[in-house]
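Colleague: The residues making up each chain are set out below.
2 protein chains.
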Amino acid sequence: MKSVTIHAPATIANIVCGFDILGLCLHDPCDVMQLSLSDQPGIRIRHLDDHNLPVDPPRNVAGVALLAMLDELDNKPGFELVIEKHIKPGSGLGSSAASAAGAVVAANRLLGDIFSKEDLVRFAMFGEKLASGVKHADNIAPCIYGGVTLIRSIFPLDIVTLSAPPMFVTVVHPQIEVKTSDARQILRKEVLLKDAIRQWGNIAGLVAGLMKGDYDLIGRSLEDVIIEPVRSILIPQFDEVKRQCKAAGALGGGISGSGPSIFMLSKEETTAATLEIIMKDIYTKVGIDFKTYVTTVSAGGTKTINND
Amino acid sequence: MKSVTIHAPATIANIVCGFDILGLCLHDPCDVMQLSLSDQPGIRIRHLDDHNLPVDPPRNVAGVALLAMLDELDNKPGFELVIEKHIKPGSGLGSSAASAAGAVVAANRLLGDIFSKEDLVRFAMFGEKLASGVKHADNIAPCIYGGVTLIRSIFPLDIVTLSAPPMFVTVVHPQIEVKTSDARQILRKEVLLKDAIRQWGNIAGLVAGLMKGDYDLIGRSLEDVIIEPVRSILIPQFDEVKRQCKAAGALGGGISGSGPSIFMLSKEETTAATLEIIMKDIYTKVGIDFKTYVTTVSAGGTKTINND
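So the protein lines, in turn, are chains G and H. Oh and the first sequence: position 196 is 195 in numbering that gives the first Met the number 0, straight run, nothing missing. Oh and the second sequence: position 292 is 291 in numbering that gives the first Met the number 0, straight run, nothing missing.
Treat the hints with care, since some could be wrong.
Said to hold, decoys possible - Residues from chain H that keep clear of chain G, each with C-beta distances beyond 12 Å, as calculated: (1) D49; (2) P56; (3) K193; (4) V285.
Claimed, not checked - In silico contact screen, one side only, chain G against chain H (beta carbon under 8 Å); selected entries: (5) G17; (6) R151; (7) S152; (8) L156; (9) R183; (10) I185; (11) L186; (12) K188; (13) V190; (14) I202; (15) G204; (16) A207; (17) G212.
Treat the hints as calculated values from the structure; they're not laboratory data. Using N, Cα and C, we set each Cβ at its ideal position, and we do this for glycine too.
Please construct the entire structure, taking both the sequences and the accompanying hints into account.
Modeller: Given below as structure tokens:
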């Protein structure tokens, strides 16, 4: 049977000041998935990991994304999906987005690339809806397009790819649980206009800094006066990680998605490596288990390998 | 006595979605000013127009800007300033900014360009403080730098120039009075987070669209869900102007600064000319006096001519 292997990468939503509109794609970690066409109708899902995720398609993020795609096809093929998750669910690194995006990118390849990337984002967002209750694309879009993406609008969907200079990314995932739905609920429904103005100045600065390749401007713009002050309370040692990393030369950084992972951007690889040591030290001292990654922004997004 | 002539252009603050952070510089209209060094200490101001603006330096926007500059000099020269205003005060086209910016750019030239552009913005903002009660730079910065400018932050001052594709600008100034301070007071102090997110998606889209030269993205991003719905109530026929202009091919547009002028951006000169006819028709029918301009975004900002 025709089959493809997919590497679906981790992503960082928000990028500090761009709540709900910005995301970037990482090289690592990466989920590996194998999707095969099947003569037997329906979708069968198998996991090669021990995360105990549901395998019933309507209850699985990859499953609902595939179902959304099948909804638009007259001839509905059958699929066998094998998932090996390396992006831990609940890490804030776009684990559900990688499953949903990977599945629809793979299916599209098997079907002869009949759908556009924007269509794929639309299908994969059903996975996000299942995972967090909200259709958002700030992990899905960078996972499919690669690099840094702006989601100008969800309804109607408007995705803009942004050029960016080379950057290293250091991530620490303290092994505590922060549910996306909880992280959303603690946000205030209203914000001060003066804070919103400061935030949109930073967002404009970040977009301009990325497109100009101006590292200093990127660094100055990585400030979030609205979401981070509320959400960071849920992440032990957040302020300490940020303070020490910035002092060690990080451009800036903050909460990855809704947390609990924290990411820091650097211009130099040596800085990124130093930040990892700082992060390890901080969580080792307080006795919280953690995992770290030193990686780069990936221009490519989800990668497909034909198995034939 | 050494003297310079200055052309200080009109500017459009906010550019629809970028309240308090974005501004662009126009070719027309333009104030003309002549500044001369004088052996006699102090600043003497004379107007060649009939706007009845104060000539006492601490009560004149150009005067206070010059005083702020003199504050940082040990040897304080005397100045003779002659102002011929073509940008009507209260038009929403950066009239006070042109006076303040023009005066300090002229003074800096006479003093041998000892101050940076950022210093000049800092001095000229004292003029804005006098005119509207608030130190803002979204007219001052484009007036001094030219083109499209982002004011990422006022404290500390952080100005970013943004590249932009060629654009035509059609402006109508209905001859009614909207005070900047009133236009500021009617704004709510709090905004919905969901509206703020929509706004910062548009701001990011506008910055990306300008820098990519993507006219469609610029057009889609020219949407303001926070300020315009409140302020446009103060401007008769606003909705009608916008609706007809967009139907006639304008990329988009909105209130210039705090109004009452309305501006529309176009890709083509013929479109810009059509929009002028539409604007004239609308205000002629309702019997409100108006003035229109068809111009372009000026890359240069304030221009200095040495008089020797």
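Colleague: Against each hint, give a clear statement of whether it holds in the structure.
Modeller: Hints, verified against the model:
The Cβ of D49(H) lies farther than 12 Å from every Cβ of chain G, with a closest approach of about 37 Å, so its non-interface assignment holds. With a cut of 12 Å on Cβ distances, P56(H) stays outside the contact zone with chain G, its closest approach being about 31 Å. The non-interface label for K193(H) is inconsistent with chain G: the shortest C-beta to C-beta separation is roughly 8 Å, within 12 Å. The claim that V285(H) is not at the interface with chain G holds, since no C-beta of that chain comes within 12 Å of its own (minimum 32 Å).
With its C-beta approaching chain H no nearer than about 7 Å, G17(G) sits inside the 8 Å limit, and its interface hint holds. A hinted interface residue such as R151(G) counts as satisfied when its beta carbon comes closer than 8 Å to some beta carbon of chain H; here the least separation is about 4 Å, so the hint holds. Annotation: S152(G) was flagged as interfacial toward chain H, and the flag holds, the nearest CB pair being 6 Å apart, inside 8 Å. Taking 8 Å as the C-beta contact cut-off toward chain H, the hint placing L156(G) at the interface is violated, the least distance being around 12 Å.
Violation of the interface hint for R183(G) is found here, the shortest Cβ-Cβ separation to chain H being roughly 10 Å, above the 8 Å cut-off. Restraint check, I185(G) versus chain H: the minimum CB separation of about 12 Å is more than 8 Å; hint violated. Annotation: interface hint on L186(G) holds; nearest CB of chain H at approximately 6 Å, less than 8 Å. The closest approach between the C-beta of K188(G) and any C-beta of chain H is roughly 6 Å, which is under the 8 Å cut-off, so the hint is satisfied.
Interface hint at V190(G): satisfied, since its Cβ lies 5 Å from the closest Cβ of chain H, which is below the 8 Å cut-off. Look at I202(G): its Cβ gets to within about 5 Å of chain H, closer than 8 Å, so that hint holds up. Given hint, G204(G) at the interface with chain H, holds; its Cβ is 4 Å from that chain's nearest Cβ, closer than 8 Å. At its closest, the beta carbon of A207(G) sits 5 Å from a beta carbon of chain H; the interface hint therefore holds under the 8 Å criterion.
Contact between G212(G) and chain H, as hinted, is not supported at the beta carbon level, the nearest pair being about 11 Å apart and thus beyond 8 Å.
The structure fails hints 3, 8, 9, 10 and 17 (numbered hints given earlier, in ascending order).
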